[in-house]
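Trainee: Here are the chains, one letter per residue:
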Amino acid sequence: MMGYSLDFTAVLAGEHLKWLLSGIQVTAELFAGAWALALLLAVVLIVLRNTGLRPAHWFVTTYVEVHQNVPLLVQVLFWYFAVPELLPAPAQIWLNEHNSEFILALLALSFCIAAYMSEALRSGLRAIPPTQYEASRALGFGYLSTMRYVILPQAARLSLPPLINYTLLLFKNTSIAMAIGVHELTYQSRQIENDTFRTFEVFAVATAIYLLSSFAIMALGALYERRAGLQAR
Amino acid sequence: MLQILRDNWVLFLIGQYPAGPLGGLAATVLIAVLGLGLSFPCALLLGLGRISPFRSIRAVTAIIVHTVRGTPFLMVIFWSYFALPIIIGHPIAGFPTLVGALVIYESAYLAEIVRSGIEALPKGQIEAARSLGLNYRQAMMSVVLPQALYNSLPTMMSQFVSLIKETSLGYVISVNEFTFAAAQVNSRLLTKPVQVFSILALTYFLLCFALTQSARAVERHIARRRREDPAVIRPLESFVVEPAP
Amino acid sequence: MISFENVSKWYGAHQCLADINATVNSGEVVVVCGPSGSGKTTLIRTINRLEPIQGGRIVVNGQDVHSSATDLNRLRSGIGFVFQQFNLFPHMSVIDNIILAPRKLRGLSREAASEAARKLLARVGLADKANSYPGQLSGGQSQRVAIARALAMDPPIILFDEPTSALDPEMVGEVLSVIKDLAHSGITMMCVTHEMGFAREVADRIWFMDRGTILEDAPPSEFFSRPNHPRAQRFLSELRH
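Sequence order for the protein chains is G, C and S.
Residues in the first sequence are numbered from 1 upward in steps of one, following this note's numbering.
Residues in the second sequence are numbered from 1 upward in steps of one, following this note's numbering.
Residues in the third sequence are numbered from 1 upward in steps of one, following this note's numbering.
Short, incomplete list of chain C residues facing chain S, as computed with Cβ under 10 Å: (1) Pro122; (2) Gly124; (3) Arg130; (4) Ser131; (5) Leu132; (6) Gly133; (7) Leu134; (8) Pro146; (9) Gln147; (10) Tyr150; (11) Arg225.
Keeping only pairs whose Cα atoms sit at most 25 Å apart, straight-line, the calculated SDA-like set for lysine to any residue is: (12) G/Lys18 with G/Glu29; (13) G/Lys18 with G/Arg198; (14) C/Lys192 with G/Asn96; (15) S/Lys104 with C/Pro122; (16) C/Lys123 with S/His66; (17) C/Lys123 with S/Arg45; (18) C/Lys123 with S/Glu51; (19) C/Lys123 with S/Pro52; (20) C/Lys123 with S/Gln15; (21) C/Lys192 with G/Gln92; (22) S/Lys180 with S/Asp217; (23) S/Lys104 with C/Glu119; (24) C/Lys192 with G/Trp94.
I should point out that these hints are in silico values taken from the structure, not numbers from a laboratory.
Here a beta-carbon is modelled for each residue, glycine too, at the ideal position from N, C-alpha and C.
Throw the hints in and build the complete structure from the sequences for me.
Mentor: Shown next, in the form of structure tokens:
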């Protein structure tokens with residue numbers, strides 16, 4: 001490291017700062033979009049599983065195992081290279097006109113994280129003793145009201161710690177989208193590095209941004225957990 | 001799909017070896033095993049540091065673990081790929097870079113598994129060992145670690161699955177491993193991405209799923225022993241490992 | 001052999017040991033009793049420093065237990081300690097539990113240590129269990145192994161923290177009879193227990209504790225027939241009902 005003097009102005013000014021900011025924006029969009037879609041998909045999966053239909057149960061189990069036992073990068077590459085091939089031509093054209101990298105990365109991320117999130121929800125539901133359900137039905141509540149007032153509030157609290165873990169997991173793994181050319185934070189820091197050779201500075205800045213955001217997610221989780229824990233008493 | 005496998009199975013399996021570097025699935029497995037083997041001792045030290053009687057050691061190891069857990073693995077790879085050569089003064093190849101990044105990353109995760117395994121043991125175990133006059137190290141080595149590591153075996157095995165999946169990111173810095181080999185085949189064939197990436201995904205799935213299932217079998221075995229003997233081994237606290245997809 | 005000098009201990013604002021002054025002489029058997037929360041378990045755990053104290057001094061065999069100059073591990077190897085929950089090491093066989101300390105601390109070979117361990121096992125009536133694992137033993141057997149383990153270093157002192165409280169009633173007798181034998185062997189013993197029949201039979205002195213202090217320190221004949229303190233009177237009358 002002899003003779004290497006740190007200079008952050010090359011990274012944090014002018015054109016490069018713009019790159020960095022746009023990278024942050026794309027990461028944030030990717031994260032927020034994929035998170036919402038993943039949660040939605042996870043709920044769909046858990047509802048499917050609980051229908052009691054054999055094929056639905058089998059489908060959900062397979063879905064979860066496949067998405068948990070194949071590397072996310074491979075899933076992203078599959079969505080990017082293979083999935084468009086399987087689509088009809090108009091859909092392919094539409095994708096190409098609408099930032100296909102971003103959309104496909106978002107889909108890959110949410111389909112994968114949905115598998116993890118549905119497992120988190122399932123473990124939460126499973127931990128509620130059946131007597132809770134029976135007690136609620138005995139009071140005269142129907143299936144939906146029982147879910148709404150008795151089961152789900154308890155399950156949500158139990159599912160929370162793993163859900164927060166998976167939120168963090170999703171956030172960190174938005175960086176994998178760079179492999180198919182999504183201009184998110186990691187991609188942009190590589191670009192700036194290429195342009196300035198300020199390796200340390202640019203990676204330090206990007207790492208700091210990731211770290212601060214990760215810590216914010218962890219802290220939010222801890223805060224929410226504490227509040228939920230207080231309510232439980 | 002079978003045609004592609006027939007034509008390219010050597011590349012998928014070992015890359016350009018022996019003409020070039022070892023690649024393909026063999027390299028993936030080698031990197032994963034090296035990564036696990038080298039990170040285990042680091043994880044043990046970090047995990048013990050997390051519960052050290054000394055406050056300063058606890059603080060330092062906590063910072064290390066949380067920093068690593070808050071950073072994307074790709075960032076760790078880039079740090080070792082681009083920044084390490086500047087520090088040590090000469091370039092290093094992709095293969096050791098990836099192994100190094102894996103060791104840093106996995107040490108932090110495995111350390112948390114070690115820590116929670118130790119913390120899940122009843123306090124009476126260490127009290128009994130210390131009451132006999134054993135010192136901290138002797139109590140750890142003879143009484144605490146053998147039980148804690150045994151109890152956390154299934155979690156460690158799932159973490160190994162995560163590690164295998166993480167090796168795929170070597171693709172981004174062009175390490176000759178399985179995903180890289182598939183991408184090579186894909187760009188050579190040009191028109192068969194569905195088949196090529198299906199082969200890739202299916203192979204990873206078979207490897208990882210087999211390991212996941214064995215981890216579950218080991219977990220059931222340990223749970224059964226625990227049921228037969230509930231007084232002595234308390235079940236592991238509901239510790240959520242955050243897996244790498 | 002063991003002396004407490006103005007020993008005090010707090011958990012936060014709660015004082016659980018209040019200015020304790022007492023002595024156990026060599027070869028004496030002292031039974032500590034009292035209602036739950038009275039501090040008796042805490043007291044016995046301060047003797048080998050499983051619990052720290054905030055005031056006063058505890059001297060065992062001339063050594064200040066809580067002084068940083070004391071070689072704690074050496075001191076502890078001379079004090080046998082038996083827990084309520086046995087705390088056997090579940091991953092080791094019975095014999096390995098017993099020879100662990102002699103091997104690691106005295107550097108004895110497995111063979112040499114095993115010979116002595118088998119004698120101890122015979123003494124607690126479990127000669128046939130040497131190669132069993134703790135998970136295969138009943139509660140009473142586990143506690144007898146724990147006693148053998150505590151004796152493996154030939155300690156001049158042995159401490160019992162409610163040794164029969166975690167046992168099913170039918171197993172209490174077998175453990176108490178081992179402790180009784182031991183009490184007659186000349187070892188210095190302190191035992192926290194609710195077994196008053198046992199106390200009457202083997203104790204040289206009984207300490208009655210309440211709210212962190214020793215209210216009575218008397219031979220059993222005196223303690224059981226005419227306790228001085230009203231709280232000790234109430235404790236005894238509640239036991240009889």
